[in-house]
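K.L.:
Line by line, the protein sequences give chains A and B. The first sequence begins at 1 in this note's numbering and counts up by one. The second sequence begins at 1 in this note's numbering and counts up by one.
Honestly, the hints are just simulated from the structure, not real lab data. Being a predicted model, the structure only gives us computed values, none of them experimental. All C-beta atoms in this analysis are idealised placements derived from N, C-alpha and C, irrespective of residue type, glycine included.
Below, simulated SDA-like cross-link-like pairs (lysine to any residue); rule was C-alpha separation at most 25 Å, straight line:
| # | chain 1 | residue 1 | chain 2 | residue 2 |
| --- | --- | --- | --- | --- |
| 1 | B | Lys69 | A | Phe111 |
| 2 | B | Lys85 | A | Thr48 |
| 3 | A | Lys112 | B | Ala64 |
| 4 | B | Lys7 | B | Met26 |
| 5 | A | Lys112 | B | Ser95 |
| 6 | B | Lys66 | A | Asn61 |
| 7 | A | Lys45 | B | Lys85 |
| 8 | B | Lys85 | A | Asn106 |
| 9 | A | Lys146 | A | Ser35 |
| 10 | A | Lys112 | B | Arg42 |
| 11 | B | Lys31 | A | Asn64 |
| 12 | A | Lys146 | B | Lys85 |
| 13 | A | Lys108 | B | Glu100 |
| 14 | A | Lys45 | B | Ile3 |
| 15 | B | Lys63 | B | Asp82 |
| 16 | B | Lys15 | A | Cys31 |
| 17 | B | Lys85 | A | Ser35 |
| 18 | B | Lys108 | B | Thr6 |
Residues from chain B shown here face chain A by an in silico Cβ test under 10 Å; the list is partial:
| # | residue |
| --- | --- |
| 19 | Asn23 |
| 20 | Ala56 |
| 21 | Phe93 |
| 22 | Phe96 |
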Amino acid sequence: MAHFDNSEQKKPMGSISFVLKNNLSELDVLCEHLSGFCRSCGVSKRQTFEINLALDELFTNIINHGFTDGDEHLVQVTCESEDNALRITIEDDGIPFNPTAAPHPNLKCAFKDREIGGLGIHLIRSYMDHIEYRRRGGKNVLVLTKAL
Amino acid sequence: MDITETKHEQYSVFKLNGRLDSNTAMGFEQKLFDCIENGTQRLILDFQDLDYISSAGLRVILKATKNLKGAEGKLVLCSMQDYVKEVFEISGFDSFLPIEATLDDAVKTV
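Here chain B stands alone, though its shape is the one from the complex:
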């Protein structure tokens, strides 16, 4: 899986490309938490090119969300394939995570 991080003044965007599973989740967690520890509290995860997610990926997202809520930060997801979105719905993650249709919408929300 490739992860591209783009820093903006107020927020950072992580664009994921490939498969987020128990093989790749640890590298993703590392990048995400490096960013949070460096002081960025507003994050967007762009899933436009994400083909696959398992509960290992959900675990990282839950952990990051908990961390950011404690710090008054925010995590916003966007541009999911419909079958990826269904994983979030089945897991009940859509009840506490903003999931936007486009990156532009996510920028407004974050």
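So that you can see chain A by itself, here it is in the shape it has in the complex:
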């Protein structure tokens, strides 16, 4: 099982760090942590929704496709409040996956050809202002920035 630094109490104001198990039921935990943090930073309800959605899509993707061994894994989420922006870092030790290189879905095709694949990443791209991926120390590290 992966080990993460979980020292949220020691971090300065304006940031929060927490870990989620690789289970979809953790989406509620994600929402709870994020909502509390966004409230404390004065982020609007609408922007909180948008950030929650982007992180949900990413986390669900990691859970559904990132792990092949059936073991418990932890996903670390760090949110930092900056000048007029929120920066969120998500780290997982799943198989290498770079969402920034994923193909764009065809949203203009005929209805009968519409597929759901790729829509999650399309939503992440739509709602976040900057997405940066790197593979570091056997982990996927994704940094999402949302202008406020």
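Please build the complex by placing chain B on the supplied structure of chain A, with the hints as guidance.
P.N.:
Quick look at chain B alone, frame taken from chain A:
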């Protein structure tokens, strides 16, 4: 998420309350398709009390729409929060799904 189904003579209304995400989408899909398989081809999804939707929810709606189109049925959505509506617009779902402002309008459309 709570789902309340109200059956009318010509159609059924599903009122969703809470969060439609990959955690709750499967239960929603089950209820929706039970209804379709029982012969109801005209459905309204009332999103008045829906706080949240992710692509897992969109997937169920796309699947139901495809199923109903094949059966000459219809799916109509109504009463969305504006930020929920934006998810449908960004995803291009507003191009093939009727989205009405109120339940009354949806009843006329369905």
